[in-house]
Amino acid sequence: MLNAEKRKTILLLIPIIVVLIGYVLYPSIETSIESFKKDGVFTFENYNDFFGEKAEANLEALWNSVWISLLSVFFSALIGIPLAYIFNRYDFPGRKFFSSIAIMPIVLPSLVGVMAFMYLYGEAGLVPNIIKDLFHLSEVPFSIGGISGILIVHAYTMYPYFYMTTSSALNNIDPSLEESAYNLGANRFLVFWKVTFPLLTPGLVAASLLVFMVSMASFSAPFLLAGGFRVLSLQIYFSKINGDLEMAATQSVVLTAVSISFLLFMRWYQNRRDYRMASKGIGAHRSEVSNPVLKWFMVVIGILAMIVLLLPHATLLILSLVPEGGWTWQTYPQAFNLENYRLLFENPNIWDPVRNSLIMASVASLGVFVFGIITSYALVKRKFFGKNLLDILVMIPWVLPATVVGMNMVLAFNEPSIFSFGKVLVGTFWILPLAYFVRFIPLVVRSTTAVLEQMDDSIEEAAQNLGAKWFYTFRRVVIPIILPGVLSGTLLAFVQAVGEFPTSVLLYTLGNRPISIEIMNQLRMFNMGQAAAYGMIQVGLIAIVMIISNKFFKVKTENAL
Amino acid sequence: MSTVNLSTITKQFGSVTAVKELNLLINEGEFFTFLGPSGCGKTTTLRMIAGFYYPTKGKVLFNDKDMTTIPPEKRNTGMVFQNYALFPHMTVFENVAFGLKVRKLNRSETKKRVEDVLQKVRLEQYIERQVSQLSGGQQQRVALARALVIEPDILLLDEPLSNLDARLRDEMRNEILRLQRDYGITTIYVTHDQVEALTMSDRIAVFNMGVCQQVGTPTEIYNEPVNDFVAEFIGETNLLPVTIEEETEKEKVYRNNDLDTSIHVNNSKVNIAFYQESDELLMSIRPEAVQISKEDISGENVLKGEVILVQFTGASVHTYVRLNNEVTIRTTDLNEGPSTYLTEGTKVNVRLPANQIRVIPKARK
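Sequence lines, in order, name chains A and B. Counted the way the numbering used here counts, the first sequence spans residues 286 to 846. Counted the way the numbering used here counts, the second sequence spans residues 16 to 380.
Just chain A, same shape as in the assembly (with noise of 0.2 Å):
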């Protein structure tokens, strides 16, 4: 009988590892090899290209790339560690709607967002231009653009990541630590330093990785707001659109490597260390502020970031109520009305790319809810050999930068291959949703293993000793428990795939241009106003699938994150 177990596993497993070397792997492999490719000849001559002198704007983008993360990181946390200390170490006033507003600009597509904050911050922008007014200024005061554009929206799109990992962790502190460092007669400063923020480290050092991958990768920020800066994630695309593939996959080549080197290092120094905490049990644990000023100093510490975080959102909202031509050569919009959604819903041209995405997107998530559940189910409660490399494998997608993946998907699929049946996927339909669904593995699968883990293994064993077969078990059993967790992970899946851009611009065709690539197009033609309409449609989305998460399935929708 063993085999029957043993049997098991492996038809749960061939699926799996089809998909993965198929869709994972192998496009992987093909970009490494075209890497090393130049005229059909193997040869290192675009390693030459990149490192050497002759093209000094790869290694120069190679190097913004790199030290722009660095400082997102560094903006990042300085944002997002005081806000979560506050939050959640003291007690005032409207403390838990502030809280809950700190993680809206989640909620914002990053193309989108990037565009909120152009009509903002911008030359032409709101703010600037207020300020001027207000104050009868000749020029505008200040204007994001360029390195600070991209840094600004790093920060602000950024933060929250390290907002959350130290929001939970401060919470997962037991607060008997704390008090027995004070009443080993530490003061608060040596408490801090001494006890409190080494306990935060590991969420520090994830939340760090996280930002600087996701800074690494950024692509929307560069694209819109970059003017002549050359960073990585960009330079894979201008070669892609030249033509130049082996150049492209190289760049993907270098960009990966970096991400990948930088992940290991993080990894390494986590586990230089041990910080599980010994205790169970853990109470809340917030001061309450009773100085008058500060609490009041707190407060409006509150509505300020409020107001900051929210801004862009408004201006979105704003912005697609300004009918085409009603923001031209004026400092501020002349016309308001709802002409941006009644054109959505009345000229087909303009709903496609709606309905492109939606159902795009929902195919990716359809792929990503059966792939996660029985790859998950695999890992979490399957004992086979090779489960540390299949776990790698999935979460490789989670470590690539969008760009190449998009990369990946072409030099993949613009020849026939076993995994495409025998067809050219690059230029259909296809490329897309598959594009999507590989980008979206790794969301699916976290999200679902982390509520497989906490199921024990005697539920199953229960059923079993009941009578009930493995399938049904399956059915009634295991998958019932698990779909509060992996249905608001595959949701999540479901709006970022609808709001993608990095791998929809080098992907998309005609006849089924996504959202975010009409959103580009309509912003060549200045008119932002059909932009921010669509993009409301996807913060629109993203709201909605928040709160299903919160309310039916109880799941904090950005954990999954």
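If you're looking for bench data, these hints aren't it; they were derived computationally from the structure. Here the structure is a predicted model, which means the values were calculated and not measured. All residues carry an ideal CB built from backbone N, CA and C; glycine is no exception. Any given hint could turn out to be false.
Unchecked claim - So these bits of chain A aren't anywhere near chain B, every CB distance computed over 10 Å: (1) Ile301; (2) Glu408; (3) Ile744; (4) Glu746.
As the list claims (entries may be wrong) - Here are the simulated DSSO-like pairs of lysine-lysine, each with C-alpha atoms no more than 27 Å apart in a straight line: (5) A/Lys291 / B/Lys72; (6) A/Lys668 / B/Lys72; (7) A/Lys668 / B/Lys319.
Place chain B on chain A using the hints.
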């Protein structure tokens, strides 16, 4: 109902032997307990009977039917897990009905049987509750009902009471016994709690390090342990190393070097365990069998000592008597009022009755 026959079962996990050459015959309708410290192989054995593990060597038979490699869902055993393993997404009714649904019973029959069994465990008013709304003791009873409702051939209980507080544990102990007698099911109960084992079982198997040390009724296990592990694990005891001095038909005389004295023991099966020439020997005497007195006592095995500690536990009084620098004897007496308590420092006489001593070999490693 079935008998369970384990014949020379061995289970290895990698290079670790969890259970070694175990032979057991569990009778029909018997309440049989696996007792031992954690990691002794008792749960592994239970899981082999349930079918979650397959033995590396040996056979599992139910009523002479070979079940060694039958998958768990075809064994018709009812198992109660340590953490209850209730299905969190189902109500009490759905949990209990699960096994019947799998057996494709019709709806009305299912309903009737679920209601019956819930009445037996006194939970009929909670039938529509979500299991998360129940207390620990109630969840425990749902788990029991779920295992009983399928009318299993064998009921398997894996430390079912370890998650309950002391008072509830007492109550559930009686509850489980009552249900087992009602249904008359062959029951295998795993525990590390000797009180549970002694009070509930028809027979007990004592495990240590993957080896079954002794099988017997509670009184046999307590009064006639086969080696020092069993003597020490079940109840309290005083152990002293001894060597044989002389043997007559009526008694054997042993020598303890620490006390530099001879100890007389009745030459009977109750007082002398089976041992081999090469075994190291120990004498064991339960604290309640030791007699102490401030007066002189005449007879064999009388020693002098000094009281060093008196512990009052309520029902009984423990008195520790130091005989010399190496040996301290623990004695237990029922509480008979303050006038009978000894004070620390009192010189006393200690008698080890020859018919209460048991000579046992050291357990082989």
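For each hint, the structure was consulted:
1. A cut-off of 10 Å between C-beta atoms confirms that A/Ile301 is not in contact with chain B; the least separation is 24 Å.
2. No beta-carbon of chain B is positioned within 10 Å of the beta-carbon of A/Glu408; the least distance is around 56 Å.
3. For A/Ile744, the requirement that its beta carbon stay farther than 10 Å from each beta carbon of chain B is not met, with the minimum near 5 Å.
4. A beta-carbon of chain B comes within 10 Å of the beta-carbon of A/Glu746; the shortest separation is about 6 Å.
5. As the CA atoms of A/Lys291 and B/Lys72 are separated by approximately 19 Å, the hinted pair is consistent with the 27 Å bound.
6. Restraint check for A/Lys668 and B/Lys72: satisfied, since their Cα atoms lie roughly 21 Å apart, inside the 27 Å limit.
7. The straight-line distance between the Cα atoms of A/Lys668 and B/Lys319 is roughly 63 Å, outside the 27 Å bound, and the hint therefore fails.
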